[in-house]
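Enquirer: Keeping their order, the protein sequence lines are chains A and B. Taking the working numbering, the leading residue of the first sequence gets 226, the next gets one more, and so forth. Taking the working numbering, the leading residue of the second sequence gets 683, the next gets one more, and so forth.
Some hints here could point you the wrong way.
Said to hold, decoys possible - If you want the footprint, here are the derived chain B segments under chain A, 3+ residues with CB under 8 Å:
{"id": "1", "stretch": "774-785"}
{"id": "2", "stretch": "884-891"}
{"id": "3", "stretch": "950-960"}
In short, the hints are calculated from the structure, not lab data. Each residue gets a CB set at the ideal place from its N, CA and C atoms; glycine is no exception.
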Amino acid sequence: MDVLQVRDLRMRYGTTDVLKGVNFVARPGEVVTLLGPNGAGKTTTIEILEGFRMRSAGEVSVLGVDPARGDEHWRARLGVVLQSWRDHGQWRVRELLNHLGEYYRPYSTDQLARPWPVDELIEVVGLTPHADKKILKLSGGQRRRLDVAIGIVGRPELLFLDEPTAGFDPEARREFHDLVHRLSDERTTILLTTHDLDEAEKLADRILILAGGTIIADGSADELARRMSTEAEVRWTLDGQRFVHATQDATEFVRKLFREHDDAIADLEVRRASLEDVYMAMVRQFESGQHDAAVREFAEVTG
Amino acid sequence: MTEGTNSWLHAARVGLRRGGLEIRHTFTSSQDLWNYFFPSAILLVVMFFMRGAAVPGIDFSLGSRTLPGVLGMNIAFGGMVTLMMALALEREDGTLLRAKAVPNGMVGYLIGKIVLIMGMTLTSMAIVLVPSLFMLEGLALTSVTAWLTLAWVMVLGLIATLPLGAICGSLFTNPRNAGVIMLPVMGLVAISGIFYPISSFPEWLQGVAQIFPIYWLGLGMRSAMLPDQLAAVEIGESWRHLETVGVLSAWAVAGLVLAPWVLRRMARRESGSSVAQRRERALQRTT
Numbered sequence: 226m227d228v229l230q231v232r233d234l235r236m237r238y239g240t241t242d243v244l245k246g247v248n249f250v251a252r253p254g255e256v257v258t259l260l261g262p263n264g265a266g267k268t269t270t271i272e273i274l275e276g277f278r279m280r281s282a283g284e285v286s287v288l289g290v291d292p293a294r295g296d297e298h299w300r301a302r303l304g305v306v307l308q309s310w311r312d313h314g315q316w317r318v319r320e321l322l323n324h325l326g327e328y329y330r331p332y333s334t335d336q337l338a339r340p341w342p343v344d345e346l347i348e349v350v351g352l353t354p355h356a357d358k359k360i361l362k363l364s365g366g367q368r369r370r371l372d373v374a375i376g377i378v379g380r381p382e383l384l385f386l387d388e389p390t391a392g393f394d395p396e397a398r399r400e401f402h403d404l405v406h407r408l409s410d411e412r413t414t415i416l417l418t419t420h421d422l423d424e425a426e427k428l429a430d431r432i433l434i435l436a437g438g439t440i441i442a443d444g445s446a447d448e449l450a451r452r453m454s455t456e457a458e459v460r461w462t463l464d465g466q467r468f469v470h471a472t473q474d475a476t477e478f479v480r481k482l483f484r485e486h487d488d489a490i491a492d493l494e495v496r497r498a499s500l501e502d503v504y505m506a507m508v509r510q511f512e513s514g515q516h517d518a519a520v521r522e523f524a525e526v527t528g
Numbered sequence: 683m684t685e686g687t688n689s690w691l692h693a694a695r696v697g698l699r700r701g702g703l704e705i706r707h708t709f710t711s712s713q714d715l716w717n718y719f720f721p722s723a724i725l726l727v728v729m730f731f732m733r734g735a736a737v738p739g740i741d742f743s744l745g746s747r748t749l750p751g752v753l754g755m756n757i758a759f760g761g762m763v764t765l766m767m768a769l770a771l772e773r774e775d776g777t778l779l780r781a782k783a784v785p786n787g788m789v790g791y792l793i794g795k796i797v798l799i800m801g802m803t804l805t806s807m808a809i810v811l812v813p814s815l816f817m818l819e820g821l822a823l824t825s826v827t828a829w830l831t832l833a834w835v836m837v838l839g840l841i842a843t844l845p846l847g848a849i850c851g852s853l854f855t856n857p858r859n860a861g862v863i864m865l866p867v868m869g870l871v872a873i874s875g876i877f878y879p880i881s882s883f884p885e886w887l888q889g890v891a892q893i894f895p896i897y898w899l900g901l902g903m904r905s906a907m908l909p910d911q912l913a914a915v916e917i918g919e920s921w922r923h924l925e926t927v928g929v930l931s932a933w934a935v936a937g938l939v940l941a942p943w944v945l946r947r948m949a950r951r952e953s954g955s956s957v958a959q960r961r962e963r964a965l966q967r968t969t
């Protein structure tokens, strides 16, 4: 059975429709990334699935339960990684993980012992040297690793991460990516949001692009790249003069070019727009306020 | 059903331990230690200088007469103001959202908070009471009955004021606005006979004071710690235990009926983005 099922999910704040019919599923053990520009509704979507926000309309099932009616038993099977700020500053790392893990103990099953043994968990997130530090003494990166540890202390079957690497330096980001891979190896289903395509490509089995209130593309990074338009840009110089031409069929165009000019052609360059180029163009348009046009164009090239 | 009840009880036990840990944390934080000792020191100094003055009409130290009232007031402050500030602050910093994200976490959080406030109230009470017993004369805390009275007034007082603190803490979204509640509370202290008997006040003002728990907490503590002839300067020339239990219980029942509803409504609205919004706002203020 699918871990996540979202059908025609709608959300309206006042008179603004943020989500206009979102559809997707996530299968057990999958890492699914919800990618989209800021303000596209990623956080709203994930908060509805976490049971922290009521939806306006649509059908949602998370681990077989409607999150609007999820009980504590359902809650125990979920992990939510929150962006901490300065909560529990007086607590020590091991102390807090021990405490929060305790809440999961009644939800242990024969197959799955809850909570995660704390020292092992601290090792997994790389906080062993800091286990006895007060939380307010941790660096930003260490705190985020603690956030992840808190999110998975109950050994969740499904883990939510909202913009998990915001504010990370490149090294912390790489370490975090390793951690996500490790969790998905243990059959945890993961839904994470990001506005960074590079991150989505590195982590996700499947990328969902959310823009204009709907999912406008759904597939692996490879699939999305293959579905891209074949539009390419050809640059060359002829007798020292520069030329640029955009074409659907670059191979045929270059063949013609050589037939006509042969040796006179130099500095030939054929460049196909990458997924990133197209995605970035959409984000720029989206952020300059041309939402509908941006989404339509993107859907055309990827559809 | 039984599984639900069991995990609820389990969370309650985890909450008790949480409260214990949080009490321990207050002893290692310089900010919390300051909050314990600074107000207590001021009160002790005030009462030290009041010890020579006499209660009007009776040959009894005004300082000794004031001490129990101050302890009663501290219970009201602990229950109301401390819980209110804690809720407002911990909603802003995301502590509450974390509690909401773990199974039965809100049960554990609230029980932990109640244990913490009881611990803090007892600690600040001891800090004022112990030196006072040496410094002030005439306190009658020598019988078992006196200590029993002190215990029931304290417990009932906390049960009456904690739900009020929970309600107020849930209504303020910005902990810095929570300060506005302090003004009326200070006004109530002034008319509640904590520092001076109110039998000389106009009757309508006495009536207002007697609606609220602070007056009754002061009276209850005086009844526990002062010799019985001091009842003569109280309204009705009696300790009025029956009325004390009545008024405090009425507040407790009203609070316990309303508070869970207000708390649930407040908790339902907590989400990652609401915490992020408050964080943005708070950071903008500090920079």
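Enquirer: Compare the structure with the hints numbered earlier in the document and write down the numbers of the violated ones, lowest to highest.
Expert: 2
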